[in-house]
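Undergrad: Listed here are the chains, written in short residue letters.
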Amino acid sequence: MKLSLLRTLWRPVLLTAYFAFAIAPILWVLAMSLKNSADVIATPPKFIFQPTLENYKAITVGLESYSTEALRPDFPRYFLNTLIIATSTVSVSLLLGTFAAYALARFSFRFKEDIAFTFLSFRFAPELMVILPLFVVFQKLHWIDTFAGLTVAYQLITLPFLIWVMRGFFESIPLEIEQAARVDGYTWWGVFRRVSLPLVRPGIAAVVILSFIAAWNNFIFAMILGGQETQPITLGILGFIGYERILWGQMAAATIICVIPELILAFCIQKYIVRGLTFGAVKG
Amino acid sequence: MAAIVFDHVSKRYGALPAVDDLCLEIRDKEFFVILGPSGAGKTTTLKMVAGIEPATGGTILLNGRPINHLPPEKRDVAMVFESYALYSHLTVFENIAFPCGAPGKSRPQAAVEAEVQRIAGLLGLGELLDRRPSQLSGGQRQRVALGRSLIRQPAVFLMDEPLSHLDAKIRTQMRAELKHLRESINTTILYVTHDYSEALSLADRIAFLYAGRIQQVGTPHDIYHRPANRHIAESLGDPPMNFLDGVLWAADGRVTLHTQGRSLPLPAAWAESLRPWNGCDLSIGIRPQHLRLLRASPGGEFALPGRVFVQETLGDDNLVSVVPDRPTVEQPVLMVLTEPNRVFPRDGPVHFTWQADQMHLFAKDTGQRLPGPA
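So the sequences go chain by chain: X and E.
So the first sequence is numbered by the working numbering: it starts at -13 and just counts up by one.
So the second sequence is numbered by the working numbering: it starts at 0 and just counts up by one.
It should be emphasised that the hints constitute simulated quantities derived from the structure, not laboratory data.
Careful, some of the hints might be misleading.
What follows is a set of in silico ranges between Cβ atoms, one per label pair, in the way DEER data are often shown [said to hold, decoys possible]:
1) X:131 x E:73: 48 to 54 angstroms
2) X:73 x E:100: 29 to 35 angstroms
3) E:100 x X:112: 46 to 52 angstroms
4) X:206 x E:13: 47 to 53 angstroms
5) X:119 x E:13: 41 to 47 angstroms
6) E:64 x X:73: 34 to 40 angstroms
Looking from chain X toward chain E, a few residues come up when the C-beta cut is under 10 angstroms (computed) [said to hold, decoys possible]:
7) 81
8) 161
9) 165
10) 167
11) 169
12) 173
13) 174
14) 181
15) 187
Not close to chain E: a few residues of chain X, all C-beta gaps over 12 angstroms, as computed [as the list claims (entries may be wrong)]:
16) -8
17) 10
18) 23
19) 110
20) 119
21) 127
22) 129
23) 150
24) 175
All C-beta atoms in this analysis are idealised placements derived from N, C-alpha and C, irrespective of residue type, glycine included.
Throw the hints in and build the complete structure from the sequences for me.
TA: Okay, structure coming up:
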């Protein structure tokens, strides 16, 4: 009796525990973003308070009190910078990575496995180890603080991952489907576009989300290789920690806004992440 | 117009020959079947014609022009894959219509739709056009694969076991359908199967392929009634052909076959052609329907003694297994088809015999057919 109760309950209990662990900090930050500056630093923390949108107003359009200092909030610019960097990074990775992955999955050429391994090895070293040599190179090329430069640097993070995941997806397409499409009159490119690509759509959806998140949240590359012109949110948020005071409420509001694009992307794309798009193609 | 010629075509995977020095001529509008056990190189042969597998030696000619260098999309062939190879992201309709979207092949949308409907009706897929391949049974998928090739008007149809995954009833039905269809499409068909009855029923001519080599090319009648070697004889017919060991004596214008301690005199007309095999060890092949069972010894006539192992009812016939008095490891029992009203009790003594002109003689060592008997 007791045992069977345990059996039915362990799953919801564990799930609830994990959910609480994962969601609690986000709820905390959400609450913080809605508090006024006094409530934020109240001890013990206040769970019941008068919510205010003052923090959101401050970081997006600016507060009255700032206008005397002629300071417009920087946050919208950071947000735009991040959007540019993340989008261009994912686009470039997708364009290069999909073809590279297809080549590694389907063609046979010399040093194929070595090349594949080299791509993977980009991820072995922590970012901090490559950042200094990269900084020197970028300085010589005058790529510091440019969107193009950051997009190139970010390929180190997203491209290897994308290639390895997409290679697996391409390999799971039965060879005979592509052969059949060739016999049906399509060129290599036609087959790739009409058959192979649609069949790996779930893979593309997955890598787009994960690469976008990785690029969106990157900190170290942006800090060393970026600058005033290209500063993303991850660095911008640090700006709320000032010499005189820490703007906890605004920082929390900025964090919450940061999460929104990732959420929207995930919601839009998740319907493509389905298992087994190649089911039924060839006899099992 | 499409004749295919294989001119000393070979395919090796590393050192392993899959198809070895294939020479074959398939005539225009012929229904040509390549028959053979699995692993014989049948599919490889088809894929070389389709351009999916490059030949490692020799030339393949389509209408007299070498096509070795052409990519698959320029060869103007349609292929049905054994594994179906359906486009699983497309519906049945889109699968069948897929070849119509190829560059240079586009037709008006309305014409494509009408054609898909016509083919779907032909193959009994009319209700399924909106489904995806994952929602279909194996037989339905195979029909979609067939439909996808039928929508084209290629120079050659290549079919790789297109009926193998259908259940027995639909298979017979589709076989008739294919044979019927063949009149209307009026195109060369190169068809691969391991099912001898399919080959016999469909083919104008059959090539028997074994271990990458052609064993025999001929009409279904030739292949069935005059198999070139023991291997082909064994592969055609169900229940399979029976084999007995024997020795041939040919001297003084008379030929005699010795087997199981008895002698079967052969027609004197064979003496001349069989003389080179005088004293040779032979395999005697007799089909189950050509063996005759006798309850009592026929006296002076040739008959071999044995006893009944078991009797099975097949409906129209009975199948009797007989253990000869001198069974061999290779052929411990002989299969005999008899009329359904005859009853042979288990372990009962019987004699069995056959007509000389209905047996097949093969050299014991090489398995080659002897030229003598018809």
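Undergrad: Next step is simple, just say for each hint if it's right about the structure.
TA: The hints, checked one at a time:
Range check, residue 131 of chain X to residue 73 of chain E: Cβ separation about 52 angstroms, and the 48 to 54 angstroms hint holds. Against the hinted window of 29 to 35 angstroms, the Cβ-Cβ separation of residue 73 of chain X and residue 100 of chain E comes to about 32 angstroms, which satisfies the hint. Checked against the hint of 46 to 52 angstroms, the pair residue 100 of chain E and residue 112 of chain X passes, with Cβ atoms roughly 49 angstroms apart. For residue 206 of chain X and residue 13 of chain E, the hinted distance range of 47 to 53 angstroms is satisfied, since their beta carbons lie about 49 angstroms from each other.
Take residue 119 of chain X and residue 13 of chain E: their Cβ atoms lie about 44 angstroms apart, and the range 41 to 47 angstroms holds. Remark: the range hint 34 to 40 angstroms for residue 64 of chain E to residue 73 of chain X is contradicted by a beta-carbon distance near 51 angstroms. Taking 10 angstroms as the C-beta cut-off, the interface hint given for residue 81 of chain X is violated, the closest approach to chain E being about 22 angstroms. For residue 161 of chain X, the interface hint holds, since its Cβ comes within 10 angstroms of a Cβ in chain E; the closest pair sits about 9 angstroms apart.
Interface hint status for residue 165 of chain X: upheld, as the beta-carbon distance to the closest one in chain E is roughly 5 angstroms, under 10 angstroms. Of the supplied interface hints, the one on residue 167 of chain X holds, with its beta-carbon coming within about 7 angstroms of a beta-carbon of chain E, less than 10 angstroms. Because the beta carbon of residue 169 of chain X sits about 5 angstroms from the nearest beta carbon in chain E, less than 10 angstroms, this interface hint is met. The interface hint given for residue 173 of chain X is met, as the beta carbon of that residue sits about 6 angstroms from the closest beta carbon of chain E, less than 10 angstroms.
Given the 10 angstroms rule on beta carbons, the hint for residue 174 of chain X holds: about 8 angstroms separates it from the nearest Cβ of chain E. Residue-level restraint check for residue 181 of chain X holds (minimum Cβ-Cβ distance to chain E is 6 angstroms; threshold 10 angstroms). Taking 10 angstroms as the C-beta cut-off, the interface hint given for residue 187 of chain X holds, the closest approach to chain E being about 8 angstroms. Remark: the non-interface label on residue -8 of chain X is consistent with the geometry, its nearest Cβ contact in chain E lying 38 angstroms away (cut-off 12 angstroms).
Annotated as non-interface, residue 10 of chain X keeps its C-beta farther than 12 angstroms from every C-beta of chain E; the closest such distance is 41 angstroms. No beta-carbon of chain E is positioned within 12 angstroms of the beta-carbon of residue 23 of chain X; the least distance is around 55 angstroms. Listed as outside the interface, residue 110 of chain X is consistent with that label: its C-beta sits roughly 35 angstroms from the nearest C-beta of chain E, beyond the 12 angstroms cut-off. With a least CB separation of 44 angstroms from chain E, residue 119 of chain X remains clear of the 12 angstroms interface cut-off, as annotated.
Its beta-carbon lying about 42 angstroms from the closest one in chain E, residue 127 of chain X satisfies the requirement of being farther than 12 angstroms from that chain. The Cβ of residue 129 of chain X sits about 41 angstroms from the closest Cβ of chain E, beyond the 12 angstroms cut-off, so the non-interface label holds. With a cut of 12 angstroms on Cβ distances, residue 150 of chain X stays outside the contact zone with chain E, its closest approach being about 23 angstroms. Not every C-beta of chain E lies more than 12 angstroms from that of residue 175 of chain X, the closest at about 10 angstroms, which undercuts listing it as non-interface.
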